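**Q** Using the sequences and the accompanying hints, generate a full structural model.
Line order of the protein sequences matches chains A and B. Residue numbers 1 to 259, in this note's numbering, belong to the letters of the first sequence in order. Residue numbers 260 to 518, in this note's numbering, belong to the letters of the second sequence in order.
Because the hints were derived from the structure by calculation, they are not lab data. Among the hints, erroneous ones may be present.
Said to hold, decoys possible - Between beta-carbon pairs, the in silico distance windows are:
| id | chain 1 | residue 1 | chain 2 | residue 2 | range |
| --- | --- | --- | --- | --- | --- |
| 1 | A | THR211 | B | SER307 | 40 to 46 Å |
| 2 | B | GLY351 | A | GLU214 | 48 to 54 Å |
| 3 | B | SER358 | A | GLY215 | 53 to 59 Å |
| 4 | B | GLU356 | A | LYS169 | 45 to 51 Å |
| 5 | B | ASP335 | A | THR51 | 37 to 43 Å |
| 6 | A | CYS98 | B | LYS407 | 55 to 61 Å |
| 7 | A | GLY21 | B | SER307 | 26 to 32 Å |
| 8 | B | PRO313 | A | THR51 | 39 to 45 Å |
| 9 | B | ASN262 | A | LYS169 | 33 to 39 Å |
| 10 | A | PRO54 | B | LYS361 | 57 to 63 Å |
| 11 | A | MET209 | B | PRO313 | 37 to 43 Å |
| 12 | A | LEU2 | B | PRO313 | 39 to 45 Å |
As the list claims (entries may be wrong) - Covered by chain B, per the in silico footprint, the following chain A stretches (three or more residues, Cβ under 8 Å):
| id | segment |
| --- | --- |
| 13 | 174-180 |
| 14 | 192-198 |
It should be emphasised that the depicted structure is a prediction, and the values quoted were computed from it without experimental measurement. Where a beta carbon is used, it is the ideal one built from N, C-alpha and C, also for glycine.
Residues per chain, in single letters:
There are 2 protein chains.
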Amino acid sequence: MLNEKSPKEIREAIRKGDYRGDTANLAPGRVQANLVILKKDLALEFLSFCTVNPTPCPVIEVTTPGDPVPRISAPDADIRTDLGHYRVFRHGKLVEECSDIKGYWNEDMVAFLIGCSYSFEWILRSAEIPLRHVEEDCTVPVYKTNIKLNQVGIFKGTMAVSMRPLTPKDAIRAIQITSRYPMVHGAPVHMGFPDQIGIDINKPDFGNMVTIKEGELPVFWGCGVTPQIVAMDSGVEFMITHSAGRMFLTDLYVKDFGI
Amino acid sequence: MLNEKSPKEIREAIRKGDYRGDTANLAPGRVQANLVILKKDLALEFLSFCTVNPTPCPVIEVTTPGDPVPRISAPDADIRTDLGHYRVFRHGKLVEECSDIKGYWNEDMVAFLIGCSYSFEWILRSAEIPLRHVEEDCTVPVYKTNIKLNQVGIFKGTMAVSMRPLTPKDAIRAIQITSRYPMVHGAPVHMGFPDQIGIDINKPDFGNMVTIKEGELPVFWGCGVTPQIVAMDSGVEFMITHSAGRMFLTDLYVKDFGI
Numbered sequence: 001m002l003n004e005k006s007p008k009e010i011r012e013a014i015r016k017g018d019y020r021g022d023t024a025n026l027a028p029g030r031v032q033a034n035l036v037i038l039k040k041d042l043a044l045e046f047l048s049f050c051t052v053n054p055t056p057c058p059v060i061e062v063t064t065p066g067d068p069v070p071r072i073s074a075p076d077a078d079i080r081t082d083l084g085h086y087r088v089f090r091h092g093k094l095v096e097e098c099s100d101i102k103g104y105w106n107e108d109m110v111a112f113l114i115g116c117s118y119s120f121e122w123i124l125r126s127a128e129i130p131l132r133h134v135e136e137d138c139t140v141p142v143y144k145t146n147i148k149l150n151q152v153g154i155f156k157g158t159m160a161v162s163m164r165p166l167t168p169k170d171a172i173r174a175i176q177i178t179s180r181y182p183m184v185h186g187a188p189v190h191m192g193f194p195d196q197i198g199i200d201i202n203k204p205d206f207g208n209m210v211t212i213k214e215g216e217l218p219v220f221w222g223c224g225v226t227p228q229i230v231a232m233d234s235g236v237e238f239m240i241t242h243s244a245g246r247m248f249l250t251d252l253y254v255k256d257f258g259i
Numbered sequence: 260m261l262n263e264k265s266p267k268e269i270r271e272a273i274r275k276g277d278y279r280g281d282t283a284n285l286a287p288g289r290v291q292a293n294l295v296i297l298k299k300d301l302a303l304e305f306l307s308f309c310t311v312n313p314t315p316c317p318v319i320e321v322t323t324p325g326d327p328v329p330r331i332s333a334p335d336a337d338i339r340t341d342l343g344h345y346r347v348f349r350h351g352k353l354v355e356e357c358s359d360i361k362g363y364w365n366e367d368m369v370a371f372l373i374g375c376s377y378s379f380e381w382i383l384r385s386a387e388i389p390l391r392h393v394e395e396d397c398t399v400p401v402y403k404t405n406i407k408l409n410q411v412g413i414f415k416g417t418m419a420v421s422m423r424p425l426t427p428k429d430a431i432r433a434i435q436i437t438s439r440y441p442m443v444h445g446a447p448v449h450m451g452f453p454d455q456i457g458i459d460i461n462k463p464d465f466g467n468m469v470t471i472k473e474g475e476l477p478v479f480w481g482c483g484v485t486p487q488i489v490a491m492d493s494g495v496e497f498m499i500t501h502s503a504g505r506m507f508l509t510d511l512y513v514k515d516f517g518i
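**A** Below you can see the structure in the form of structure tokens.
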């Protein structure tokens, strides 16, 4: 079973092309990360933007320009081959989807690993809080909200959020648990009233709609897709990202990020 | 202003009859307590009941039989005179309401001080979370729910809860904050769907109804009135309690109970 394997083994399976799917169910207890690759000349501005928007954009690691290895979070990984699916953007437009970006990589490239809420899902599940997108075997629904972000240079916009429908009791417990993990988005940013944050609950912008049962609250967490959307909307000349739900699996333990 | 006075000064004002009102707005940062007085022969069973139902019944102190002084939480207080209003029950029926219970006190009496959610309200307000019952100058609404309690001997029943309407953002923050104070009820037990816990939101059993604005969630915390109701319903031969919202002000600091 893939979900019993280590991050290293799963990265190898992905690199070989043996797995390309959603990573929600994999590498229990390890930090999963969103990927943004930009050219060096925008790196400082982008990192500053993430720094002042820590809820959706908690930065786990920034690679040295030209170095495809995340030396701290997965020293034997290669971010050019170890994600299941990539998206390449030029001037804010998607130009290619692929499973290997070696052809695009050069000395100018900087990779940003940004904490993903998939990282805390194992902790929620160990607290017996069921996750609908896991039950329904799809990708967590993600929405663009009207929650304004702090602007830095060309980077500005609104927050994207992931949504999990929970009973009130599970929502309370999930708030307690996730508050302890700010590096993977921490506590929810909203619950209960999608219209208050400018969302049509039935129309996720990424991922898949999941069933919200009678008596459940939709609970929204900051999402690491946010900085991708912001960079795309700002029309940056060149950017590579992961595809929704196909995260980078680090070797880091979520427990080491608990406060 | 009474709300700038120490617990000791406020207890003196109450003792003299200068104040008999709700204590929600008083003694910032101090622990406020519900009062239950029973005869010694039921004390162990009642305390055991509280012990296995810690969310609604966190016991702050139990007085020595016959001693009207809470030696730990307010060593110069007298629980027979220092609450604004008392209710006396015989066989589960209210027989008198008064502001001094010296005439009822004897060597057989044991007083239980049980944590009150008024204790964390100052912390919520210092986090700029507005409280509707304070804004509307009334007593927090309290409801009997269908949430079953653990039974011990004659003591059994369901949980009472206090309700505060909050925006989703404030509700998330309030859950984070109150989770740190289990001795004054800790995190909420429910939010959002009153019918799930058997409540008609417009009909509080104690206190006053407050306005719930569009886009607010009703958030419910375990309430220290619970053990009174349970003792009343079990028809105990003799019991004295405080009246809703007229709590006992201890000298203890809420911050010392933070986890």
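**Q** Next step is simple, just say for each hint if it's right about the structure.
**A** Status of the hints after comparison with the structure:
1. Checked against the given bound of 40 to 46 Å, the beta carbons of THR211/A and SER307/B, roughly 43 Å apart, stay inside it.
2. In this structure, GLY351/B and GLU214/A break the distance hint of 48 to 54 Å, their C-beta atoms being roughly 37 Å apart.
3. Distance hint check for SER358/B and GLY215/A: the Cβ-Cβ separation is about 44 Å, which falls outside the suggested range of 53 to 59 Å.
4. Distance hint check: the CB atoms of GLU356/B and LYS169/A are about 36 Å apart, inconsistent with the given range 45 to 51 Å.
5. For the pair ASP335/B and THR51/A, the beta carbons lie near 52 Å from each other, so the given range of 37 to 43 Å is not met.
6. About 57 Å separates the C-beta atoms of CYS98/A and LYS407/B, a value consistent with the hinted range of 55 to 61 Å.
7. Look at GLY21/A against SER307/B: about 53 Å separates their beta carbons, and that is not inside 26 to 32 Å.
8. Judged by the Cβ atoms, the range 39 to 45 Å given for PRO313/B and THR51/A holds: they are separated by roughly 41 Å.
9. Under the hint 33 to 39 Å, the C-beta atoms of ASN262/B and LYS169/A, about 35 Å apart, fit the expected range.
10. Look at PRO54/A against LYS361/B: about 58 Å separates their beta carbons, and that is inside 57 to 63 Å.
11. As the Cβ distance of MET209/A to PRO313/B is approximately 40 Å, the hint placing it in 37 to 43 Å holds.
12. In this structure the supplied range 39 to 45 Å holds for LEU2/A paired with PRO313/B, their Cβ-Cβ distance being about 42 Å.
13. With 3 residues having a beta carbon nearer than 8 Å to a beta carbon of chain B, the segment 174-180 of chain A meets the requirement of three or more and the stated coverage holds.
14. Closer than 8 Å: that is the beta-carbon criterion, and the segment 192-198 of chain A has 3 residues meeting it against chain B, so the requirement of 3 holds.
Consistency note: the structure conflicts with the earlier hints numbered 2, 3, 4, 5 and 7.
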